[in-house]
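From just these sequences and the hints, can you work out the full model?
Chains A and B, in that order, are what the protein sequence lines are. Each residue of the first sequence is one higher than the one before, counting from 213 in my numbering. Each residue of the second sequence is one higher than the one before, counting from 3 in my numbering.
What the hints contain is simulated information worked out from the structure, not anything from laboratory work. Everything numeric in this text was worked out from a predicted model, so none of it was measured. The beta carbon of each residue, even a glycine, is placed where N, CA and C say it ideally should be. Each hint should be verified, as a subset may be incorrect.
To be verified - FRET-style restraints, in silico, Cβ to Cβ:
{"hint": "1", "chain 1": "B", "residue 1": "R29", "chain 2": "A", "residue 2": "P610", "range": "31 to 39 angstroms"}
{"hint": "2", "chain 1": "B", "residue 1": "Q274", "chain 2": "A", "residue 2": "W396", "range": "27 to 35 angstroms"}
{"hint": "3", "chain 1": "B", "residue 1": "W133", "chain 2": "A", "residue 2": "I218", "range": "41 to 49 angstroms"}
{"hint": "4", "chain 1": "A", "residue 1": "L255", "chain 2": "B", "residue 2": "S69", "range": "52 to 60 angstroms"}
{"hint": "5", "chain 1": "B", "residue 1": "A305", "chain 2": "A", "residue 2": "L255", "range": "40 to 48 angstroms"}
{"hint": "6", "chain 1": "B", "residue 1": "F13", "chain 2": "A", "residue 2": "E623", "range": "53 to 61 angstroms"}
{"hint": "7", "chain 1": "A", "residue 1": "L255", "chain 2": "B", "residue 2": "G267", "range": "57 to 65 angstroms"}
{"hint": "8", "chain 1": "B", "residue 1": "A305", "chain 2": "A", "residue 2": "N373", "range": "54 to 62 angstroms"}
Unchecked claim - Taking beta-carbon pairs under 7 angstroms as the criterion, some of the chain A residues facing chain B (in silico):
{"hint": "9", "residue": "R511"}
{"hint": "10", "residue": "F544"}
{"hint": "11", "residue": "V550"}
{"hint": "12", "residue": "A603"}
{"hint": "13", "residue": "L607"}
{"hint": "14", "residue": "P610"}
Spelled out from the first residue to the last, the chains are:
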Amino acid sequence: MSAPDIEDVESFRLRARAWIGENLGPAQHADLHPFADTDEEELANANRDRALQRRLFDGGFAGICFPREYGGLGLTPAHQRAFNEELAGHEYPSRLAVPTFSPCAAVLLEFGDDEQKRRHIPRILKGEEVWCQFLSEPSGGSDVAGALTSAVRDGDDWILNGSKVWTSTAWWGDWALILARTNWDAPKHRGLTVFMLPIQQPGIEIRRIERLNGSTESCEEFLTDVRVPDSDRIGAVDDGWTVGSRWMHHERVGSNSPYVTRPVAASASVRRGSSLTEIAGAAGRLDDPTAQGLIGEARMLQLVSEALLQRLSTAGPRSNLGEHASAVGRLFAGMSHVRRATIAFELAGDLAGAWDEQDDGAAAAAGMNFLMRQTACIGGGTTEIARNVIAERLLGMPREPAPDRELPFREVPRGPRQR
Amino acid sequence: MLFTLTPDQEFFRETTARFLAERASTRRLRQLRDDPAGFDADYWTKGAELGWTSLLVSEADGGGSVSGAGAVDLSLVAHEFGRHAAPGPLVDCNVAAFALSQAGGAAHREALDGLLSGAAIAACCIGAAPWRLGAGVGVEIRRDGHEVVINGLARPAESAAQAGLLLVTGRTDGRLTQVLAPTTAPGVAVKPLKGLDVTRRFAAVTFDDVRLPMSAVVGEVGGADAAFGRQAQAAGVILAAESVGAMEAAFAMTLEWAFNRYTFGRPLASYQALKHRFADMKSWLEAAHAIADRAAAAVAGEADDAAELVSAARAFIGRYGVELAQDCVQLHGGIGVTYEHDLHLFLRRITLNRTLYGAPEDHHQVLARREIERGAAA
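Take a look at the structure:
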């Protein structure tokens, strides 16, 4: 597309501002809290998010960075950022941001063929398809390339067997990307293939996993003789690691992806005021210099995180960061979240140990958020893996020894849980 | 540092970088260790010719920026200063020149011209500030007819023993006043202090009934609060960018060491325990770059959130810059604490900067007050 076809960012911003003002209400509880208390509520939230996505589509603001031929607007990350800034404080389809738009739609755009993209991208942009990632397996969290789920060719189809885990929203989602092993004689990275498949079908049994905070949002899936047509394969046979590497890149970028519509956090917090001052207020500590120091430290981390993400997303030719920059953002986000969750916990004092959900406001969540704080360093690839990526790919340090790298995968030791 | 430099900015940065490589080698820094000034006059005037002191000064007053965003251009100079642990009173001369230009350069034309040419050195004597000052530090400035009278103590004041000019910030009935005082004024006493840095010198300046004509006042008596706030932001931009440059140098040096130093038959860079620490340091370095750049851009654009971003930059870089430098020392082992190794030049610079214009703890308080105000307004 030639440059004159593209609307300039400021005029787009003004149009977006007017449209958002007329068509989207203020942020709702469901936009700020990812998972509802009951399944009924969560399904209602999901349906509301689908409807919001449809409203964006009908208003001409869905898929800002998606190509026009697949129903998007064909604009730039700067346009998406302008929209996200204007969206601050408004309701939006929060449940569709991740993983539907990034990494799933981003992977489809990058590796799907024309027919696949025409079939799915418009439906995603209209809120008709919510996507999940069938990536991790029970046998190995960070060692994604060690996938044991198998896909065996059968005529024009593939037959899939195995299990996947840590899949958010799978119990109500529509489609999934799945990484499966298609060649057991090749080394582990060279025998994988990526497919897409509908989630709600007889061969897929879904188990809800209860986390320590009671959330049952994450799922484990058991696939038994699931038939996938070869036309739903994404990328070449046995070349799934090429797709998988970019998939994980898009996962690390997550909600900061230019494909994701999501209000800019800073502006939202400016409007709402920080929940940490709310917590300190509830605990009667707003005048306590120690508490103030913690509030200031948390604000510092928030501002630095935002600045870092912006730097990483605009890294240009002068940058020596390249495609592995997302690992820096991932590591920093994890560490920063852990510290902020700890600060919230410390500010809350005994309200973190026993609380009244009606009366204690933001302080009521501080204790459980603290118990769950390491999810920020685990989900989406652990911070340990991010550190390996930074050290080895960004800084060029020697790779960790990997005795499984050149072995035919069927000979790789897999511990006591042999397949 | 910035990803989006214009060709003019790149040329400007490169010019200063080449000049510093030549004139501020680590060998030269060591020679300056026992020099009373820590820099020589010729070095400073040559630097001023390159534009080091003119970027925050309006064109009408004889200054001018490279890109239209003076604070951003200045951050490029400061970054290079950090990468070389370069000598010279970059912060105070820029803050003083900025202050005089802010107040309308005509009133202090000669002093401003001197700062722009590098012939004059100014020291900032901060006797009142929104951050904590040391015990006993504080300056009162009162009006007495056609004169102002200055009393009190300001420290640390950079290069005060070398400076001809003192930009004094003090209190007048709870408001800030700024006065430009010659160091030769009766009642001014300058006592050199010992300091962390190899080339940067500090002094304690005492004012004992120092009487100056009203024409010495910069701006209005009791009217300098906002101007001083912006000067502190400019100082914060310089200090942040300089520390990022020094972090970059320390990190690069340590990374190279990790590849070249073998122990138990393998390079340090092959140990995962150490690789992960380098990864942490890399993330701090990138985050420090990011917030320093954001702060510089916000100050240049006089954005509403400039003060907050400067405080976030100073707090983050103050804390994690020092952590990074100390971890670099640890990864070097014993050689890291020797004078002969260059690492300490950067450790010193980062550590010194942390203490100036508000420590991280002070900036946390500034950020917290803003958050609490916002929370109360919501």
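Do B:A305 and A:N373 keep their Cβ atoms within the hinted range of 54 to 62 angstroms? At 57 angstroms between Cβs, range holds.
Hinted contact A:F544 with chain B - closest CB pair below 7 angstroms: Holds - the Cβ of A:F544 comes within 7 angstroms of chain B, reaching about 5 angstroms at its closest.
Status of the given 57 to 65 angstroms range, CB of B:G267 versus CB of A:L255: Check passed, 60 angstroms falls within 57 to 65 angstroms.
B:W133 paired with A:I218, Cβ distance criterion 41 to 49 angstroms: 46 angstroms, holds
For the range 27 to 35 angstroms, tell me whether the beta carbons of B:Q274 and A:W396 fit it or not. 29 angstroms, holds
Closest C-beta approach of A:A603 to chain B relative to 7 angstroms, hint status: It holds, given that the least Cβ distance between A:A603 and chain B is near 4 angstroms, below 7 angstroms.
Hint says 53 to 61 angstroms; check whether the CB-CB distance for B:F13 and A:E623 agrees. 58 angstroms, holds
Against chain B, run the beta carbon of A:R511 and see if the smallest gap drops under 7 angstroms. Check passed: Cβ of A:R511 comes within 4 angstroms of chain B, closer than 7 angstroms.
Given a cut of 7 angstroms on the nearest C-beta pair, is the interface hint for A:V550 held or broken against chain B? 13 angstroms, violated
Is the distance from the Cβ of B:A305 to the Cβ of A:L255 consistent with 40 to 48 angstroms? Since B:A305 and A:L255 have Cβ atoms about 43 angstroms apart, the given range 40 to 48 angstroms holds.
So, A:P610 near chain B? Judge it on the closest CB pair being under 7 angstroms. 4 angstroms, holds
Interface hint check: A:L607, Cβ to nearest Cβ on chain B, cutoff 7 angstroms. Holds or violated? For A:L607, the interface hint holds, since the closest Cβ of chain B sits about 6 angstroms away, which is under 7 angstroms.
Hint 11 from the list above is the single one not met by this structure.
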